[in-house]
Amino acid sequence: MGRIEDSAAEEGEVVRPSFLSRFTGWVSLAPLLFFAAEWVVSASWRGFYGYHEDLLGPLGTAFCGPVGNWPCSELYRVMNIALVVAGLAVVFTAAGLFAQRVSDRAGALLLVAAGLGLTVSGAITQNVSYTGNLTAIMVFMTLGSVGAFLIATSSTTRMTGERRLVAVLASLASLVGYFAYVGGVDIVGPGGVQRLCIYGILVTVITVGTVGLTRTPAASIHEPTEYTR
Numbered sequence: 001m002g003r004i005e006d007s008a009a010e011e012g013e014v015v016r017p018s019f020l021s022r023f024t025g026w027v028s029l030a031p032l033l034f035f036a037a038e039w040v041v042s043a044s045w046r047g048f049y050g051y052h053e054d055l056l057g058p059l060g061t062a063f064c065g066p067v068g069n070w071p072c073s074e075l076y077r078v079m080n081i082a083l084v085v086a087g088l089a090v091v092f093t094a095a096g097l098f099a100q101r102v103s104d105r106a107g108a109l110l111l112v113a114a115g116l117g118l119t120v121s122g123a124i125t126q127n128v129s130y131t132g133n134l135t136a137i138m139v140f141m142t143l144g145s146v147g148a149f150l151i152a153t154s155s156t157t158r159m160t161g162e163r164r165l166v167a168v169l170a171s172l173a174s175l176v177g178y179f180a181y182v183g184g185v186d187i188v189g190p191g192g193v194q195r196l197c198i199y200g201i202l203v204t205v206i207t208v209g210t211v212g213l214t215r216t217p218a219a220s221i222h223e224p225t226e227y228t229r
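full-length UniProt numbering applies: residue 1 is where the sequence shown begins, and numbers increase by one.
The set of hints was computed from the structure by calculation and includes no laboratory data.
Hints may contain errors.
[Unchecked claim] Beta-carbon label-pair distances, calculated as ranges:
| id | residue 1 | residue 2 | range |
| --- | --- | --- | --- |
| 1 | Asp186 | Leu213 | 35 to 43 Å |
| 2 | Phe19 | Phe63 | 42 to 50 Å |
| 3 | Ala99 | Ala62 | 33 to 41 Å |
Since we're looking at a predicted model, the values are computed, not measured.
C-beta atoms are modelled at their ideal positions from N, C-alpha and C, and glycine is treated no differently.
Generate coordinates for the entire structure from the input sequences, incorporating the hints supplied.
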């Protein structure tokens, strides 16, 4: 590999990331749909919905209230679709990073499992099964926060210092949010700490995943590359 890269440099060839690296980078941007969907659905909520006090689950339900007969948002399906898309994006991003050998196995596997949990939370809403939906979200928060931290801090994950700083801070925020949520610590409300955890995981995935869109030849020593004249 080193001999090929040296030869490519001597011949004036342009080294670019592989298709897998670029594909992983674009897929890792899909969780941005989650943030847009959450804002749109919460804004169309019939009644008061607050990011601090209200959890994420109700955004994907058709009816709310004490006995489950109050209409929530007509756009609730958008939230469920966004959860499924974001979850699958986490799965494919983690798998892509591991396939390129730019992340450790433990962090990648944890994020794969976490992404599946987020996907299930979009498919099984609280109207279908409250416990099933809550369990799926907890799987994402638990495994995702640890997996995000491992990938952000792993020496095998190649990225610039600035990008790593963002990833580490985001993963630490997810861990803080997770422990605050589990411990019932009222920092910014139950909805706020849950979002701190979820947002931190997704930001870490986006930060690490998009490395493949901006990587330089020197930083991609462990990554399959394509060469063009």
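Going through the hints against the structure:
1. Asp186 - Leu213: 35 to 43 Å: holds, 39 Å
2. Phe19 - Phe63: 42 to 50 Å: The hint (42 to 50 Å, Cβ to Cβ) holds, given that phenylalanine 19 and phenylalanine 63 are roughly 45 Å apart.
3. Ala99 - Ala62: 33 to 41 Å: Because 39 Å falls inside the window, the suggested range holds.
Every hint, counting from the list given before, is met by this structure.
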